[in-house]
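Same order as they appear, the protein sequences are chains A and B. Per this note's numbering, residue 1 is the first one in the first sequence, and the count goes up by one each step. Per this note's numbering, residue 1 is the first one in the second sequence, and the count goes up by one each step.
I should point out that these hints are in silico values taken from the structure, not numbers from a laboratory. As the structure is a computational prediction, the values presented were derived from the model and not from experiment. Warning: the hint list may mix true and false statements.
[Stated by the list, open to error] Derived pair list, reagent style EDC-like, types lysine to aspartate or glutamate, alpha-carbon separation capped at 20 angstroms:
| id | chain 1 | residue 1 | chain 2 | residue 2 |
| --- | --- | --- | --- | --- |
| 1 | A | Lys-269 | B | Glu-42 |
| 2 | A | Lys-195 | B | Glu-42 |
| 3 | B | Lys-74 | B | Glu-56 |
| 4 | A | Lys-272 | B | Glu-42 |
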Amino acid sequence: MEELGLSLDTVWMLLAAMLVFWMQPGFALCEAGFTRGKNTVNILMKNFVDFMFGSLLFFFIGFGFMFGSDGAGFIGAPNWGDLSFYKGNLPVEGFLIFETVFCATSATIVSGAMAERTKFSMYLVYSAFISLIIYPVEGHWTWGGGWLCDSSADSWMMSVFGDTFHDFAGSAIVHSVGGVLALIGAMALGPRIGKYAKNGSSRAIPGHNLTLASLGVFILWLGWFGFNPGSQLAASGEVNRTAISHVFLTTNLAAVAGGVATMFLTWLKYGKPSLSLTLNGVLAGLVGITAGCDLVSPVGAVIIGLVCGVVLVYAIEFIDHKLHIDDPVGASSVHGVCGILGTLMTGLLSTSNGAFYGHGWGFFGAECFGILIIDIWAAACGFALFYGIKKLHGLRVESRVEEEGLDIYEHGESCYN
Amino acid sequence: MKKIEAIIRKTKFGELKEALLQSDIDWFEYHDVHGIGQSRQERIYRGVQYSTDVIERVAITIVCRDVILDPTIKVILNVAHTGQVGDGRIFVSDVIDTWSIRTGENGDTVLRDKK
Numbered sequence: 001m002e003e004l005g006l007s008l009d010t011v012w013m014l015l016a017a018m019l020v021f022w023m024q025p026g027f028a029l030c031e032a033g034f035t036r037g038k039n040t041v042n043i044l045m046k047n048f049v050d051f052m053f054g055s056l057l058f059f060f061i062g063f064g065f066m067f068g069s070d071g072a073g074f075i076g077a078p079n080w081g082d083l084s085f086y087k088g089n090l091p092v093e094g095f096l097i098f099e100t101v102f103c104a105t106s107a108t109i110v111s112g113a114m115a116e117r118t119k120f121s122m123y124l125v126y127s128a129f130i131s132l133i134i135y136p137v138e139g140h141w142t143w144g145g146g147w148l149c150d151s152s153a154d155s156w157m158m159s160v161f162g163d164t165f166h167d168f169a170g171s172a173i174v175h176s177v178g179g180v181l182a183l184i185g186a187m188a189l190g191p192r193i194g195k196y197a198k199n200g201s202s203r204a205i206p207g208h209n210l211t212l213a214s215l216g217v218f219i220l221w222l223g224w225f226g227f228n229p230g231s232q233l234a235a236s237g238e239v240n241r242t243a244i245s246h247v248f249l250t251t252n253l254a255a256v257a258g259g260v261a262t263m264f265l266t267w268l269k270y271g272k273p274s275l276s277l278t279l280n281g282v283l284a285g286l287v288g289i290t291a292g293c294d295l296v297s298p299v300g301a302v303i304i305g306l307v308c309g310v311v312l313v314y315a316i317e318f319i320d321h322k323l324h325i326d327d328p329v330g331a332s333s334v335h336g337v338c339g340i341l342g343t344l345m346t347g348l349l350s351t352s353n354g355a356f357y358g359h360g361w362g363f364f365g366a367e368c369f370g371i372l373i374i375d376i377w378a379a380a381c382g383f384a385l386f387y388g389i390k391k392l393h394g395l396r397v398e399s400r401v402e403e404e405g406l407d408i409y410e411h412g413e414s415c416y417n
Numbered sequence: 001m002k003k004i005e006a007i008i009r010k011t012k013f014g015e016l017k018e019a020l021l022q023s024d025i026d027w028f029e030y031h032d033v034h035g036i037g038q039s040r041q042e043r044i045y046r047g048v049q050y051s052t053d054v055i056e057r058v059a060i061t062i063v064c065r066d067v068i069l070d071p072t073i074k075v076i077l078n079v080a081h082t083g084q085v086g087d088g089r090i091f092v093s094d095v096i097d098t099w100s101i102r103t104g105e106n107g108d109t110v111l112r113d114k115k
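Here chain A stands alone, though its shape is the one from the complex:
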């Protein structure tokens, strides 16, 4: 019976890995739709690169960085393609695939924010770095059994906060890291030509196909049903079948609440309900619920979705109109801002240890500290990486290439013929 249960758990994990893998085309279509048709080959290519580099590097080195050496220390030991060190119930090769698709998701968030003006060769350098170092290190601190999630009674987190950092499926670990890197990458690049008028006002650069973007968001939504419920890493037994069903429900409720909040807010603010923002609103709800999808109640999930959907609109406006950072697809707002927000709200709305349920502020403190440390790591790496590349080699294509399209100059192919 136990044997059968383990097989069921493995099948569920691999099925979830397939769904998370399917988020790659979701990102690709979403980003392609939100950008102009002259750069479509380039953005699709970047999405392929993120997964190809991510899979290879995570297999050879990153997996060891993340899960090696029992979670102690700053970073695990590189595994050099050898998986034998891993001791877990589930088959290690399946587990590697499951973790690989999460790593690749974190990597692929950035390409949208840096769309339409980044040198392809320099994007490769970024993509390698996130899968090799940036993601595995903070993953080691958390899911790798490291210090942020160390629940032994004498651990630093337990003695300070009385609780450990909790990020069930990666609002902080996957999404906020991708979002913070997206923001810094877009900042290092500077805005696309024509994005800001001389007086500083923001101009619209409409994406070339909102049908593709919508399909991309629906695909991502489907992928999230693997991303969140799959992170239970088990399906057998009453506890697990209840847990994955609960996570399914909270994930979907937060998504729809996020979309509804954004739709009505844009209707109120701009006079018409905006599709281009509602698509982001659905994703905002999904990103927000990812950290606490196992701990919050269904009503709590709706609250998280609504808050993320509202904050998203103001975050996009603030980053675009005030900071003048040009993020064509809104990755920094969706994944960065809402990833942080979702992690913090888990500390408030968790039914088992959240502050709003009378369990004190210790868990909320642990969530605040954890997200702060993780995003400081991501931001520090982002600054070093993007500004380093900018200084050493140049991050951005020539203005003529940007104006005529990256597809022709960087790839020699055009998407629409």
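Following the hints, complete the assembly by docking chain B onto the known chain A.
Chain B only, in chain A's frame:
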């Protein structure tokens, strides 16, 4: 021989096509055109409001015998009319000659109108 060039609303194209086929026109060309006018349309994209001055219309071109001209104009005026600003324009000009590439003939007989 006359050339009629009409710029009409996209929404009226289907109706006008039927009406022209019902009348005596044997063949005409059309294409989508983008025009720039004084009127503006408000748009919103990702929270940025902007206005577009690009106006989308269909242009149709008909070459016909002089005798067909007036009835054809009437059909267009009748069908493409809504009364709102932006219904379009019709331009008429003289055509010196028409040749059939298949038969080598020229003149009015080439235009195979029904009348």
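Hints that the structure is at odds with (numbers, increasing)
3
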